[in-house]
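Enquirer: Residue numbers (our numbering), protein chains in the order written: chain A, 5 to 228; chain B, 5 to 228; chain C, 20 to 302.
None of these hints come from the bench; they were simulated from the model. Keep in mind it's a predicted model, so treat the numbers as computed, not measured. Backbone N, C-alpha and C fix where the C-beta goes; we use that ideal spot for every residue, glycine too. Do not take every clue at face value.
[To be verified] Facing chain B, from chain C, some residues (calculated, C-beta under 7 Å): (1) Ala115; (2) Ala176; (3) Asp177; (4) Ala187; (5) Ala198; (6) Met225; (7) His238; (8) Gln267; (9) His281; (10) Arg283; (11) Gly285.
[Stated by the list, open to error] In silico lysine-lysine, PhoX-like type, Cα no more than 20 Å apart, as pairs: (12) Lys54(B) to Lys54(A); (13) Lys9(B) to Lys54(A); (14) Lys9(A) to Lys129(B); (15) Lys156(B) to Lys129(B); (16) Lys156(B) to Lys193(C).
[Unchecked claim] Sample of chain A residues at the chain C side, in silico, Cβ under 10 Å: (17) Leu27; (18) Ile61; (19) Arg75; (20) Ala105; (21) Pro109; (22) Ala113; (23) Met151.
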Amino acid sequence: MNQKKVKDIVEAALLAAGRPLTLDQLSVLFSEDERPDPQQLRKALDQLAKDYADRAIELKEVGSGFRIQVRAVLAMWVQRLWEERPTRYSRALLETMALIAYRQPITRAEIEDVRGVSISTSIMKTLHDREWIRIVGHRDVPGRPAMYGTTKQFLDYFGIKSLDELPTLAELRDIDAITPELPFGDDVPPAPAAVEMMEEPATLRHGEEESDADEGKTPSPTRH
Amino acid sequence: MNQKKVKDIVEAALLAAGRPLTLDQLSVLFSEDERPDPQQLRKALDQLAKDYADRAIELKEVGSGFRIQVRAVLAMWVQRLWEERPTRYSRALLETMALIAYRQPITRAEIEDVRGVSISTSIMKTLHDREWIRIVGHRDVPGRPAMYGTTKQFLDYFGIKSLDELPTLAELRDIDAITPELPFGDDVPPAPAAVEMMEEPATLRHGEEESDADEGKTPSPTRH
Amino acid sequence: MTDPIDPTVQAEMPFAIIQGEPLSQLPRDLYIPPDALEVFLEAFEGPLDLLLYLIKRQNLDILDIPIAQITRQYMEYIEVMKELRLELAAEYLVMAAMLAEIKSRMLLPKPPSDVAEEADPRAELIRRLMEYERYKQAAEDIDALPREGRDVWQASADAGERKVVRLAAEVSLKELLLAFKDVLQRAEMFQTHHVQREPLSVRQRMSDVLALVQDGEFHDFSALFDPSEGRVGVVVTFLAILELLKEQLLELVQAEPYAPMHLRAGRGEPVEIDFNQPEPDFS
């Protein structure tokens, strides 16, 4: 089977399926005697990606395979196809989701510990219902609380192939860099005007500390 | 808004919607100040149709508007997307199949005798549908029950030329030891053997290269 | 954006609604940025979030929190919340106590020798603030990722009717043999077997012959043999026929000695010839 035909079948399948397809799923579309090897399939996908370079669509590899998607730059027009606005998620939900994504496996109590507030059951339910999280085990402590992790659907939804593609997590600054505070130093009535306050930190945070703060990005999210 | 942008938005909308869209529905995607006139929209659709001339998809006007569809020539590959993964066969089915192979011609009652439990009709139906067994006669007892035997398709599926290639009962006791010599263990059965019925099993039994595989095949107790 | 926020995920917000309360009620020295009201309405995600807000709004370094000042501002917000009769989550009060404790420890004069060693009373709070801030930022970053159904869409094209085909299961020969082994063991057939030579091909040929005669017609005995199979093939067929005759599954008819023999499916009638042979011995 020639390369053009392989590409056509791959494109047809990706558009007909309406969901991401893995290389394996693409491979079994071909009968045994005409089945392209993984390299040929990859090549077909590469060619498709190039074909789409100047088009309204793009090829994207996400958690559960390859998908053809409408480009984000066209979102403002495409959105008008639907009367409903896309769901906006609360900060509480997104922060909970972030902790599960970066710190998995993690228990609910551990999430609450970092956020400093309790998590409503409805948030966990929403995340479950959307199939973004799943229980991956139980922590070996009294009560054996469930530990949560993310799913392929989570990756698909946010358009990433693996957790490595999550935005990098800010690095923790060295706690020893705390600026010593003089006793009674701030007992003077402060309440300074906003403008004044804005200038001060710049002088406080000069030299090494500043560069620390700027480079405070880790190469990859913390995962286990 | 330039013509290229209009075309991109039309393509994006048709592919995101996954259903036919009318000219009106396409038109309202644009805000008033940028809205193309019907002529421009038509032109964008024409251009899309031309873009797809050498692709896996085509633009088609149907009753409810315009839609992008996969070309019919690719249907035979795309159809495989909807093939359902098979469920594994039950132990009961495999035992029934094995008894028919080794003890044919055999009636259902006789199989049940050996297995000690009754056989569901669905098992016999599955084996029939698969064309692995056939009715080869009827036992001359009250009710004239059907007697079952194996088929050519059965041999082909398991990649053997004749039942002689199955291990004897004696060998079965030590099945793991003989595994390497026979085409077992493969999850996928090997390609069907050539259609040669009974072609000189004796020579196989004495041939030197095959001696490993065929040794111990001679004593073959199967009857009581 | 005026998009509705999913109501199911808002339950924990402690300060969610403030309606029609004039700003003049707030204490005079409370630090209120120009867009404070808006922030009030947005609500905080907890005490850490509120503290971070206070710090960031004044552009303070998190590592250099003027604890007395921040504590007072925090307490003033709490007071306002109480005045507005907003239900305050317990975590806010716990934090208030923690801040008060840190503040008092900061005020304690330290023995000169211990100055270097003693941990800063603010350290734990700062650690928690920084940790929370990381994930607060991460949540915003995740929210900004191109999202399916909001920024990008799965492209799909019509592909006609979906005919769902169920494929047959795959079975390996080994699976089949293991199944047989098990069933034989259960039936204790290994113990009762006679050692006799009966190639399985005879069993298979028995099926073949039976299938052939199922039409109920007489078949020429010799026609059942295929010379092209060679001597072994002929023997296998013969053994199969003998076995079938013995099991009365086959009926052999011969009009007179040396006349052609015919076979047909057994019918339960007496065997027409005297099949008075010893049991076939295949060995």
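Enquirer: Are the hints correct? Go through all of them and say.
Expert: Checked hints:
The closest approach between the C-beta of alanine 115(C) and any C-beta of chain B is roughly 50 Å, which is over the 7 Å cut-off, so the hint fails. For alanine 176(C), the shortest C-beta to C-beta distance to chain B is roughly 5 Å, which falls under 7 Å, so the interface hint holds. Nearest Cβ of chain B to the Cβ of aspartate 177(C): about 4 Å, under the 7 Å cut. The hint holds. Contact between alanine 187(C) and chain B, as hinted, is supported at the beta carbon level, the nearest pair being about 6 Å apart and thus within 7 Å.
Hint on alanine 198(C) holds. Least Cβ distance to chain B is approximately 4 Å, under the 7 Å limit. Interface hint at methionine 225(C): satisfied, since its Cβ lies 6 Å from the closest Cβ of chain B, which is below the 7 Å cut-off. Given the 7 Å rule on beta carbons, the hint for histidine 238(C) is violated: about 13 Å separates it from the nearest Cβ of chain B. The beta carbon of glutamine 267(C) comes within 6 Å of a beta carbon in chain B, closer than 7 Å, and the hint placing it at the interface holds.
The criterion of a C-beta within 7 Å of any C-beta in chain B is not met by histidine 281(C), whose closest approach is roughly 17 Å, and the hint is violated. For arginine 283(C), the suggested interface contact is broken, since its CB lies about 11 Å from the closest CB of chain B, more than 7 Å. Below 7 Å, beta-carbon pairs count as interface contacts, and glycine 285(C) has one with chain B at about 5 Å; its hint therefore holds. Among the hinted pairs, lysine 54(B) with lysine 54(A) is consistent with the structure: their alpha-carbon atoms are about 18 Å apart, no more than 20 Å.
Distance check on the hinted pair: lysine 9(B) and lysine 54(A) sit about 19 Å apart at the alpha-carbon level, within 20 Å; holds. Between lysine 9(A) and lysine 129(B) the CA atoms are separated by roughly 39 Å; this puts the pair beyond 20 Å, and the hint is violated. Proximity of lysine 156(B) to lysine 129(B) is assessed by CA-CA distance (about 18 Å); at most 20 Å being required, the pair is judged to hold. Between lysine 156(B) and lysine 193(C) the alpha-carbon distance is near 19 Å, which keeps this suggested pair within the 20 Å criterion.
Using the Cβ-Cβ criterion of 10 Å, the hint placing leucine 27(A) at the interface with chain C is not satisfied: the shortest such distance is roughly 18 Å. For isoleucine 61(A), the shortest C-beta to C-beta distance to chain C is roughly 5 Å, which falls under 10 Å, so the interface hint holds. The beta carbon of arginine 75(A) comes within 7 Å of a beta carbon in chain C, closer than 10 Å, and the hint placing it at the interface holds. Hint status for alanine 105(A) relative to chain C: holds, with the closest Cβ pair at about 7 Å, below 10 Å.
This hint is violated: proline 109(A) has a C-beta 16 Å from the nearest C-beta of chain C, more than the 10 Å allowed. Proximity of alanine 113(A) to chain C is violated relative to the hint, the smallest CB-CB distance being about 14 Å (cut-off 10 Å). A distance limit of 10 Å between C-beta atoms decides the matter here; for methionine 151(A) the minimum to chain C is near 17 Å, and the interface restraint is violated.
The structure fails to meet hints 1, 7, 9, 10, 14, 17, 21, 22 and 23 from the earlier list, while all remaining hints are met.
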